[in-house]
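Peer 1: Work out the full structure, taking the sequences as your base and the hints as a guide.
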Amino acid sequence: KQEVTQIPAALSVPEGENLVLNCSFTDSAIYNLQWFRQDPGKGLTSLLLIQSSQREQTSGRLNASLDKSSGRSTLYIAASQPGDSATYLCAVRSGTYKYIFGTGTRLKVLA
Amino acid sequence: SQTIHQWPATLVQPVGSPLSLECTVEGTSNPNLYWYRQAAGRGLQLLFYSVGIGQISSEVPQNLSASRPQDRQFILSSKKLLLSDSGFYLCAWNIAGGGDTQYFGPGTRLTVL
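Protein chains in written order, with my numbering: chain A, 1 to 111; chain B, 1 to 113.
To be clear, the hints were calculated from the coordinates, so they are not data collected in a lab.
Cβ coordinates follow ideal geometry from the N, Cα and C atoms, glycine included.
There may be inaccurate statements among the hints.
[Stated by the list, open to error] Some chain A residues judged to face chain B by a derived CB distance under 8 Å, without partners named:
1. 31
2. 32
3. 34
4. 40
5. 42
6. 43
7. 44
8. 46
9. 49
10. 93
11. 97
12. 98
13. 99
14. 101
15. 103
Peer 2: This is the structure we're talking about:
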């Protein structure tokens, strides 16, 4: 059974710091991995999608990597800003319509 | 561009009352549709998905049901709500047959008292 874990559960950093969020999964047989951002009381916004054959994806200050064999993904945020404060969720697609989500990392960037 | 709507945004219902949450997608045809529940401190749990009109798959046994009466409409229902049905309900869609990125609606906050 696929399980997705995100550590740490919460993180506070000063503005301008580069940071890494971690996501691990137990079954390497995945189709892809997706990173989302969720603001309080809101829906999820897709940030990056990495297919199982890819190693990384980049969008602006965000870079996501995938190491399928070790069951790990990282989301790197460069030069963090207060507007980056949110909960970040990763999800793996482990079946045709089956997406398994982690519980998220709640990020606070201090001005 | 595609847009996904959910309503109501918030709902407070007594135990034992019925429930109907609606989700509609604009700007695409024949999407895959999903209902998730997000309980406090827990990850998103997939409740139902649908690949076409009238086609519903349930992921977990529960007090809820789903229907897809039209191509871009997905409804989550219950005949009698339980306290444990409280949570944040999210609808999502992606492109049928290959598009993997999931797009989420704004969610409905349900509180059962």
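Peer 1: Each of the hints needs a verdict: does it hold here or not?
Peer 2: Consistency of the hints with the structure:
1. Residue-level restraint check for residue 31 of chain A holds (minimum Cβ-Cβ distance to chain B is 7 Å; threshold 8 Å).
2. For the restraint placing residue 32 of chain A at the interface with chain B, the shortest Cβ-Cβ distance is roughly 5 Å, inside the 8 Å limit, so the hint holds.
3. The criterion of a C-beta within 8 Å of any C-beta in chain B is met by residue 34 of chain A, whose closest approach is roughly 7 Å, and the hint holds.
4. Interface restraint check for residue 40 of chain A: the shortest CB-CB distance to chain B comes to about 11 Å, outside 8 Å, so the restraint is violated.
5. Using the Cβ-Cβ criterion of 8 Å, the hint placing residue 42 of chain A at the interface with chain B is satisfied: the shortest such distance is roughly 6 Å.
6. This hint holds: residue 43 of chain A has a C-beta 4 Å from the nearest C-beta of chain B, less than the 8 Å allowed.
7. Taking 8 Å as the C-beta contact cut-off toward chain B, the hint placing residue 44 of chain A at the interface holds, the least distance being around 4 Å.
8. Because the smallest distance between the Cβ of residue 46 of chain A and any Cβ of chain B comes to about 5 Å, under 8 Å, the interface hint for this residue holds.
9. Because the closest C-beta pair between residue 49 of chain A and chain B is about 5 Å apart, less than 8 Å, the hint holds.
10. Satisfaction of the interface hint for residue 93 of chain A is found here, the shortest Cβ-Cβ separation to chain B being roughly 6 Å, below the 8 Å cut-off.
11. Annotation: interface hint on residue 97 of chain A holds; nearest CB of chain B at approximately 5 Å, less than 8 Å.
12. Contact between residue 98 of chain A and chain B, as hinted, is supported at the beta carbon level, the nearest pair being about 7 Å apart and thus within 8 Å.
13. Residue-level restraint check for residue 99 of chain A holds (minimum Cβ-Cβ distance to chain B is 6 Å; threshold 8 Å).
14. A cut of 8 Å between beta carbons decides the hint on residue 101 of chain A: the least distance to chain B is about 4 Å, and the hint holds.
15. Among the interface hints, the one on residue 103 of chain A holds; its C-beta lies about 4 Å from the nearest C-beta in chain B, closer than the 8 Å criterion.
Checked against the numbered hints given earlier, this structure breaks only hint 4.
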